[in-house]
Amino acid sequence: MTTTTPSTRKQTSDAEGSSRAYKLGAVGGDWLDQRVAGGGLVKFMARKIFPDHWSFMFGEVALYSFVILLISGVFLTMFFDPSMEEVIYSGPYEPLQGLMMSRAFESTLEISFEVTGGLLFRQMHHWSALVFMVAIFVHMFRVFFTGAFRKPRELNWIVGFSLMVLGMVAGFSGYSLPDDVLSGNGLRVIDGLMKAVPVVGTYLSMLLFGGEFPGTAVIPRLFTVHILLVPAMILGLIAIHMVLLVLHKHTQYPGPGRTERNVVGFPVFPVYAAKAGGFFFLVFGIITFISATTSINAVWNYGPYDPSPVSAGSQPDWYMLWTDGGLRLIPGWESTIFGYVLSWNILIPMVIYGLLLGVLALYPFLEAWVTGDDRERHVNDLPYNAPVRTGLGVAWIMTYLILALAATNDIIAVALQLSINDLTWALRIAFFVVPVLSFYITKRLCLSIQRHKREKALHGEESSRIVRTETGDMIEIHTPLSEFDRWVLVQHDDYRPLSAGKGVSSLRAKATSFFFKDRISPVTPSELREALEHSGHEKHVIDELTGGDYRTPAEKTQH
Amino acid sequence: MNDNLDGSSPARGLSAIAPKEGGGFPNPGLPPHIHRQADLSKAAEKRAERLVASMFVLSIVGTVLFIAAYFLVTPTGINLFAEEGTPKALWWSNLTTGLGLAIAVFFIGAAAVHWAKTLMPDDEMVEERHDIRGSDETREIAAGIITDGLAESGIARRPVIVTAMVAALAALPIAVLAPLSTLGPLPGGRLHHTFWGQNARQRLARDHDGTPIKLSDVAMNSVFHVMPEGLTHETEHFLEERAKAAAVLVRIDPALSKNEESMAMGVEGVLAFSKICTHVGCPVALYEQQTHHMLCPCHQSTFDVTDGAKVIFGPAHRPLPQLPIEVDDEGYLVAPGDFTEPIGPSFWNIHKEK
Numbered sequence: 003m004t005t006t007t008p009s010t011r012k013q014t015s016d017a018e019g020s021s022r023a024y025k026l027g028a029v030g031g032d033w034l035d036q037r038v039a040g041g042g043l044v045k046f047m048a049r050k051i052f053p054d055h056w057s058f059m060f061g062e063v064a065l066y067s068f069v070i071l072l073i074s075g076v077f078l079t080m081f082f083d084p085s086m087e088e089v090i091y092s093g094p095y096e097p098l099q100g101l102m103m104s105r106a107f108e109s110t111l112e113i114s115f116e117v118t119g120g121l122l123f124r125q126m127h128h129w130s131a132l133v134f135m136v137a138i139f140v141h142m143f144r145v146f147f148t149g150a151f152r153k154p155r156e157l158n159w160i161v162g163f164s165l166m167v168l169g170m171v172a173g174f175s176g177y178s179l180p181d182d183v184l185s186g187n188g189l190r191v192i193d194g195l196m197k198a199v200p201v202v203g204t205y206l207s208m209l210l211f212g213g214e215f216p217g218t219a220v221i222p223r224l225f226t227v228h229i230l231l232v233p234a235m236i237l238g239l240i241a242i243h244m245v246l247l248v249l250h251k252h253t254q255y256p257g258p259g260r261t262e263r264n265v266v267g268f269p270v271f272p273v274y275a276a277k278a279g280g281f282f283f284l285v286f287g288i289i290t291f292i293s294a295t296t297s298i299n300a301v302w303n304y305g306p307y308d309p310s311p312v313s314a315g316s317q318p319d320w321y322m323l324w325t326d327g328g329l330r331l332i333p334g335w336e337s338t339i340f341g342y343v344l345s346w347n348i349l350i351p352m353v354i355y356g357l358l359l360g361v362l363a364l365y366p367f368l369e370a371w372v373t374g375d376d377r378e379r380h381v382n383d384l385p386y387n388a389p390v391r392t393g394l395g396v397a398w399i400m401t402y403l404i405l406a407l408a409a410t411n412d413i414i415a416v417a418l419q420l421s422i423n424d425l426t427w428a429l430r431i432a433f434f435v436v437p438v439l440s441f442y443i444t445k446r447l448c449l450s451i452q453r454h455k456r457e458k459a460l461h462g463e464e465s466s467r468i469v470r471t472e473t474g475d476m477i478e479i480h481t482p483l484s485e486f487d488r489w490v491l492v493q494h495d496d497y498r499p500l501s502a503g504k505g506v507s508s509l510r511a512k513a514t515s516f517f518f519k520d521r522i523s524p525v526t527p528s529e530l531r532e533a534l535e536h537s538g539h540e541k542h543v544i545d546e547l548t549g550g551d552y553r554t555p556a557e558k559t560q561h
Numbered sequence: 059m060n061d062n063l064d065g066s067s068p069a070r071g072l073s074a075i076a077p078k079e080g081g082g083f084p085n086p087g088l089p090p091h092i093h094r095q096a097d098l099s100k101a102a103e104k105r106a107e108r109l110v111a112s113m114f115v116l117s118i119v120g121t122v123l124f125i126a127a128y129f130l131v132t133p134t135g136i137n138l139f140a141e142e143g144t145p146k147a148l149w150w151s152n153l154t155t156g157l158g159l160a161i162a163v164f165f166i167g168a169a170a171v172h173w174a175k176t177l178m179p180d181d182e183m184v185e186e187r188h189d190i191r192g193s194d195e196t197r198e199i200a201a202g203i204i205t206d207g208l209a210e211s212g213i214a215r216r217p218v219i220v221t222a223m224v225a226a227l228a229a230l231p232i233a234v235l236a237p238l239s240t241l242g243p244l245p246g247g248r249l250h251h252t253f254w255g256q257n258a259r260q261r262l263a264r265d266h267d268g269t270p271i272k273l274s275d276v277a278m279n280s281v282f283h284v285m286p287e288g289l290t291h292e293t294e295h296f297l298e299e300r301a302k303a304a305a306v307l308v309r310i311d312p313a314l315s316k317n318e319e320s321m322a323m324g325v326e327g328v329l330a331f332s333k334i335c336t337h338v339g340c341p342v343a344l345y346e347q348q349t350h351h352m353l354c355p356c357h358q359s360t361f362d363v364t365d366g367a368k369v370i371f372g373p374a375h376r377p378l379p380q381l382p383i384e385v386d387d388e389g390y391l392v393a394p395g396d397f398t399e400p401i402g403p404s405f406w407n408i409h410k411e412k
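Residue numbers (my numbering), protein chains in the order written: chain G, 3 to 561; chain L, 59 to 412.
So here's chain L without its partners, still in its complex pose:
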């Protein structure tokens, strides 16, 4: 009683199909066809024909427009609508070439679809389906071919070959690892150290203009984006070093501090932290002066600068590593060494010394 409705038996014995009373309703067949205007009236047919033809003509107009605009409305050379080389010229070039091309292609489509919908036959046609599975005869022949082929190959009689073949096919993919491994070097200690640690007592410099920062420059509640002074375009792996050395310098009222250890690594409330988020590594670029929170704009991890940049909200876990700083004889801020721990996203062996 849980047979398929077409009378066959389900392969797994029982299906959840509910049987239909008396086999259900009979299919009434296709409903009577309703003719379109263009099928009934010669005038409507002519109208449709004219519309299709004029849309094709409109497409030609679009093509002409596109070609004309391509040479007469250019971003850097001749431009009919704006002074050459200006942003306006680019805007006009993009608009006119784009509209020309859009008209050229759109109206070919509109014409073809309208032709099909109004003038091509619209009485529905019926095509029979056939089972996807082959006939029993075909399946028998197929099974015969496979068994014969297997017998001819002798795969069942030659286990030594089979074992060796499986071993060979299993071994070969391991070879892929060799070229794969040359795609990049091993990490080594790279991720554990930054440019700050390469030379002791580097000055803290403003990001981009590279000028060193004096303690007296750092006003209360101000924030600086900081790079090591020695890190310049000439430095080897410049961008990679920037990606790790980026730091943020802030000055807070020492009375607000909740973390003695963190304050001890700064000077008079001036503290430096890694700018790279410990979640997945975005630059923690937003500093809220009122609350002394640093916020990562990518996933909103929030760090409390008054408490050693501990995480107070969001997906990050580790505090932003702090960069201990001192003041040199000339009053400039310097970093005696590297960050307190590896910067950026956590990884498997981040806590292991390298």
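Bound conformation, chain G alone:
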């Protein structure tokens, strides 16, 4: 086993040591060290080891698209005027000339049609917002499915979860700013949701809009929320997210040489400085390319906000879809008690959204309670080794997707020529059925993958070459795994249900039964010994029959 540690690594820079650049660096380094203790920081950070895996890049994509949001956002604030003052449009876009619109919408048109590069930066801002949310979700579920939220990272999971919620707030407050018909109706929905809150609903709505909807206050207020409040909170939480990442050191996937007590990979300097730094430019480049070639949120097609029209096919940005889906699926339930109204057709979806988010946020604590496992866990699970967790994660995603699909039911109905009523009913049923089904299917799939991996660990790879003995027996030739390949298949921990009593509550006993009653026990060293003995015997028989030449007759004639 290589035990190179970062600090003892030999450098072959003797020849370069005398060059001018190095001398300049030394002078600069000395200057900084004496003022900001730069030396200590470099010593602490520069040779920190990070493991390498493609799935670790989703978080990076989220971070980088946030940086692009900041850059493009600063450009946009230079030209955007968050005012709801009504003006008459006289700009270059002919279809809207002479129309009444808010200054906010007019300045959005100016950015799009008159400022050079304005449309590009608008599209980059919108596209990177979509990429930001995709990356957050995928990163979050990478962490979920690999169990990377386990001790000591539970709090960082909460930080990441908060970033996801803030991302939604940032997105909604941002796409409302142009004050177009589409986003205006989005705000009107928010107004309706607030009014449904028992007792204080109408007060909340009045406070948000500074009077009745739409008023003249909401765009300037959302602007402050969008460019100051939310970004500041996101930046602060990103800082905490990163500090905790360095403190905990990154998790790694199981592999030979990787343990709970080490981290195997490459140093921050120079490898990740180049790779991760370079990756920022790649993400930036790809988002710019999309923005140069693909139009998004063409608000001039929607027109300025007016409370009377709405277009068919009104959908929010993708990450808000799920919040709209529940509102479409819920039947028209409303009750009046002592003359006061309870709008279940709004309150029930809100409660469901809250539960979905709440369960996600608290899952690490739930699972820790079930397993009672209080070790530090730095080696990730392979998702199929945690069938119930993986099943729950898939069920959550399916619930989310059903809600998101429900929010596009009108578009689906038109595209597939279905009745909107039938489709809504199908999705209502799917909301209850699909998560349960997908949980069981996922769990069973995980268990069969486990069975397959177990066979592979014991007997090696199937070679599809079968030898017939003189007695007529068929033996398939197996290629044994190397100990490095086998390690990944046998290293994982196994859990089993607990029975109630001896400090285990009956609720926890039931929970462990739900999580662990169906289990494929991992290969044990004695099982492997037995399997190896067996395959040694088999190999002996095969070698006698084939003379040690495993080629098929056809292959033999070819050469």
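Only true hints are included.
Derived list of chain L stretches under chain G, where covered just means 3 residues or more per stretch with a C-beta under 8 Å from a C-beta of chain G:
1) 74-87
2) 177-189
3) 237-246
4) 297-307
5) 344-357
6) 365-379
7) 399-409
Cβ pair distances, simulated, as ranges:
8) GLU399(L) with PRO200(G): 18 to 26 Å
9) ILE199(L) with PRO482(G): 51 to 59 Å
10) THR79(G) with ARG191(L): 41 to 49 Å
11) SER193(L) with MET352(G): 41 to 49 Å
12) LEU237(G) with LEU116(L): 31 to 39 Å
For lysine-lysine, the following DSS-like pairs were computed, each having C-alpha atoms within a straight-line distance of at most 30 Å:
13) LYS78(L) with LYS504(G)
14) LYS45(G) with LYS175(L)
15) LYS104(L) with LYS25(G)
These aren't lab readings, by the way, just hints derived from the structure by calculation.
Cβ coordinates follow ideal geometry from the N, Cα and C atoms, glycine included.
Keeping the supplied structure of chain G fixed, place chain L upon it in accordance with the hints.
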């Protein structure tokens, strides 16, 4: 036997971890390192070096392209590819500046990543982890500092201060409510009334051009988007009033009616309903002439116009409030007063008179 696998005991006594036979398999350690082409062949190394350098050069080309396009392919001024000020000019401006910038940034990234992957050392390094928790000694010192500090503050000996402090800290957040309350006015009766109720017998006008509608204008099965005639840009709170007053006028065959009361509020099958959905307030903008259903495009609440706009599908609960109408001496449609009940999304005290 339910000990953690590292030998420690779980804090809660019993964990669900299954013990491993003989402590499980031994970790085989890092596998032998496989060298890359550029590590073995000088030619491959040179090739990689040239590729990295040329990608950096390509980025410079992108930067030049971006700057050139920014000044030579503009949406409103000079444009090399299209007549200035046309939509085509904007399209070219967006495309060329965008592609220039994309090339400029992408190839810096591609060069750096390729450099790292082919030329920087790729043998894996190992760093030991340390417990996140502090050592027992550190924890003892920390606990000592806290207990000493608490003792020095006298928090345990001075309950009066503590009580007063808790009260003060609990009271202060209430102060937040004061500035919060000034963000907007109280609703009062605003949500219960619309512009129709402000003046009796207002004419129904076509939305946008503002011309009044005669009964004779309303053909069978036709639909009009309607606003009060007096509601103009000069009206105070113009948009807020529009948001509430918006109505839809339809004419159906009276024989189809399932609702006498609703028909009585119309004239010869001409009926006016609020356009604002009673679910969350989207404009109910779609009218199906064949079925006489009105559909909200936001959440698909469907209202039956022949039955007093009752909900027949979707999340809305209350029917669309009806606007009673009459015909004046000149044959124009007028509304004697307001909608039959408050319009838009239901709220807590919607059924209370204001």
